[in-house]
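One-letter residues, chain by chain:
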Amino acid sequence: MEINFWQGNEACVEAAIIAGCRFFAGYPITPASEIAENMAKKLPKVGGIAIQMEDEIASIGAVVGASWAGAKAMTATSGPGFDLMQETIGWAFMTETPCVIVDVQRLGPSTGQATKCGQGDVMQARWGTHGDYSAIALSPNSVQEMFELTIEAFNLAEKYRTPVILLADEIVAHMREQVKIPPQEKIKIVNRRKPKLGEKAFFGLEEVPPMPSIGEGFHVTVTGSTHNEYGIRFTADPHVHKRLVERINNKIKQHAEELADTENYKIDDCEVGIVAFGCTSRAIYEAVEHAEAKGIRVGYVRLKTIWPFPEKPVKELAQKAETIIVPEMNLGQIFYEVQRVAGCSAKIVALNKIGGGEPITPEEIFEKIKECAKK
Amino acid sequence: MSKQFSVKKYLRPLPLPFCAGCGAFTVMSEFLRAVHELGYENLDKFVFCSGIGCSSWIPSPYFEADSIHTLHGRSIPVATGIKLMRPDLNVVVFGGDGDIVGIGLSHFIHAARRNMDMLVIMVNNMIYGMTGGQVAPTTPLKAKTTTTPYGSFENPLDSARLAVTAGACYVARWTTAHSTQLKESIKKALNVKGFKFIEAISQCPTAYGRRVGFKDAAQMLKWFKENAVIIEEAEKLNEEELNGKIVIGEFTQRKRPTLIENIYKTIEEAKKEHGEN
Numbered sequence: 001m002e003i004n005f006w007q008g009n010e011a012c013v014e015a016a017i018i019a020g021c022r023f024f025a026g027y028p029i030t031p032a033s034e035i036a037e038n039m040a041k042k043l044p045k046v047g048g049i050a051i052q053m054e055d056e057i058a059s060i061g062a063v064v065g066a067s068w069a070g071a072k073a074m075t076a077t078s079g080p081g082f083d084l085m086q087e088t089i090g091w092a093f094m095t096e097t098p099c100v101i102v103d104v105q106r107l108g109p110s111t112g113q114a115t116k117c118g119q120g121d122v123m124q125a126r127w128g129t130h131g132d133y134s135a136i137a138l139s140p141n142s143v144q145e146m147f148e149l150t151i152e153a154f155n156l157a158e159k160y161r162t163p164v165i166l167l168a169d170e171i172v173a174h175m176r177e178q179v180k181i182p183p184q185e186k187i188k189i190v191n192r193r194k195p196k197l198g199e200k201a202f203f204g205l206e207e208v209p210p211m212p213s214i215g216e217g218f219h220v221t222v223t224g225s226t227h228n229e230y231g232i233r234f235t236a237d238p239h240v241h242k243r244l245v246e247r248i249n250n251k252i253k254q255h256a257e258e259l260a261d262t263e264n265y266k267i268d269d270c271e272v273g274i275v276a277f278g279c280t281s282r283a284i285y286e287a288v289e290h291a292e293a294k295g296i297r298v299g300y301v302r303l304k305t306i307w308p309f310p311e312k313p314v315k316e317l318a319q320k321a322e323t324i325i326v327p328e329m330n331l332g333q334i335f336y337e338v339q340r341v342a343g344c345s346a347k348i349v350a351l352n353k354i355g356g357g358e359p360i361t362p363e364e365i366f367e368k369i370k371e372c373a374k375k
Numbered sequence: 001m002s003k004q005f006s007v008k009k010y011l012r013p014l015p016l017p018f019c020a021g022c023g024a025f026t027v028m029s030e031f032l033r034a035v036h037e038l039g040y041e042n043l044d045k046f047v048f049c050s051g052i053g054c055s056s057w058i059p060s061p062y063f064e065a066d067s068i069h070t071l072h073g074r075s076i077p078v079a080t081g082i083k084l085m086r087p088d089l090n091v092v093v094f095g096g097d098g099d100i101v102g103i104g105l106s107h108f109i110h111a112a113r114r115n116m117d118m119l120v121i122m123v124n125n126m127i128y129g130m131t132g133g134q135v136a137p138t139t140p141l142k143a144k145t146t147t148t149p150y151g152s153f154e155n156p157l158d159s160a161r162l163a164v165t166a167g168a169c170y171v172a173r174w175t176t177a178h179s180t181q182l183k184e185s186i187k188k189a190l191n192v193k194g195f196k197f198i199e200a201i202s203q204c205p206t207a208y209g210r211r212v213g214f215k216d217a218a219q220m221l222k223w224f225k226e227n228a229v230i231i232e233e234a235e236k237l238n239e240e241e242l243n244g245k246i247v248i249g250e251f252t253q254r255k256r257p258t259l260i261e262n263i264y265k266t267i268e269e270a271k272k273e274h275g276e277n
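Chains as they are written, first to last, in the numbering used here: chain U, 1 to 375; chain Y, 1 to 277.
Keep in mind the hints are simulated off the structure, nothing from the lab. Don't take each hint at face value.
[Claimed, not checked] Beyond 10 Å from chain Y on every Cβ pair, some chain U residues (computed):
| hint | residue |
| --- | --- |
| 1 | Glu34 |
| 2 | Arg192 |
| 3 | Pro210 |
| 4 | Thr223 |
[Said to hold, decoys possible] Chain Y regions said to be covered by chain U (calculated; three or more residues, Cβ under 8 Å):
| hint | region |
| --- | --- |
| 5 | 60–70 |
| 6 | 84–93 |
| 7 | 102–112 |
Quick caveat: nothing in here was measured; it's all calculated off a predicted structure. Ideal Cβ positions, reconstructed from N, Cα and C, are used throughout, including at glycine.
Chain U with its partners taken away, still in its complex shape (with noise of 0.2 Å):
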């Protein structure tokens, strides 16, 4: 077991190495470019290529040529640039291409405050792209969480043949904890399946279908226009439409509850439910401790992974809680997921922060428990 002391942006470039990425494009934007920087001296020396590139669109551009190719790729951004990414994030959906798109979540909307912490990118990570689409995305709470969780990206996507969200914030991202990095042994790391010589069907007849390199003779055709199973277009065929299109979408959407990590807690015998997920979370555990203390019963749905959201933990914390909180450093995106999922079992409270990269304190989710609990 090695131990580091590492900024949030910095255990992630060194977990996206581990991981096996082997490309980097991005473009610089506070309060992601720590990662486009450490890439920059950290890729060359493992024979790895990082590059700036000219704006965000051509950066995640590169990001699936490279994966084409047969690398591991990834970008890095924050909310504007996370903008100019959704055409193409789209593009890798519909061409199976697994990437690794960093979003260290800042505050929005437009300019925002730059420099200060947000929550506000949540839905965008799930409906950023047009057409049907379906997300994975990732929401580290911690500096080790950001270590493991840009591997786990990089297992799904390679996995899932996907693009896939590691939503981050401004908060973990720039904090400094301790990491620790298991033996590289014990690390697991998934590979995209490749084909057997001869087989055409990269785009179909599978769930995840093999993915080939250009360069091996494959002559793989790729596109974002809708294709049959061997990506030959075809721009007017119902058929092959819903096929395609219903293939990409539930090879995520079926794995939901296989995707969905989360920390639970006392889910089963709480009065007082707290949903949570990245910087936001970190609030939570000492106000549990305060309101234990004081006799309320209260339990919490972590979400590491945010998309496809994580339905089954949260149903059974609206099945037992009468009242669940859901704090978040935005106007109300999580909530109403939560609202949905929890239907009427559970009345959903909403805690919202916005403004400074103030982050919400243990206080105030106490407080708000205390009041949820008096009712």
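Assemble chain Y onto chain U, guided by the hints.
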């Protein structure tokens, strides 16, 4: 090389999508003829990238090769990612004027500036053909299009000169009426390192020609022939004399360190330093 040329050995047996009289046929066949004359029996050493627009369909999915059909304007960044990881492959980008110097202009300039090793073949039909004939950044002043019904009030871009200024290693412009020269330039470009740009002025009888008074593709080719001026001659003419002319020829051919050379040298140095630490 000794074998007779046939486009069939490089193409998938699919019906081509282009309108009758489209210049994309010429560009496609001249490219394949160039490849044949260079002695490539197949396209295994190539990867093709294209964007959105009629000419982006030249390689995808018709070429029996690896091809990536990207988003509108984004073929060059995707090609950049590919070439960086696979410097051994010939990366060729096909695109239209709207794709390459409209929505994708910044990538075009930056790829030339970086001297990114790739060949970009831009089929310039002076119009957005696929969407029905809207004004393009290459449409001649005063030309009537569906979005400039009273005539275009914008100056067109000289993409070839821009590529030279930005740093390309090989730049040529021909028209589809100069197919032999076009083919020879493609052959030359495929043997030059760095960023290479070939602009093929091409006819779109459907979405451009008929709206500006040409009866058919043949008339447009005649227009190209009659108004083309070779660059060496054009340099002797003033702006007024060049009005309405199409300057053709080789705009530059030079050697500069390429991005691939530079980046791989940097990696070797970094690895050495890493080993020493």
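Quick rundown of the hints versus the structure:
| no. | hint | in the structure |
| --- | --- | --- |
| 1 | Glu34 | holds (19 Å) |
| 2 | Arg192 | holds (14 Å) |
| 3 | Pro210 | holds (15 Å) |
| 4 | Thr223 | violated (4 Å) |
| 5 | 60–70 | holds (count 9) |
| 6 | 84–93 | holds (count 5) |
| 7 | 102–112 | holds (count 3) |
The structure fails to meet hint 4 from the earlier list, while all remaining hints are met.
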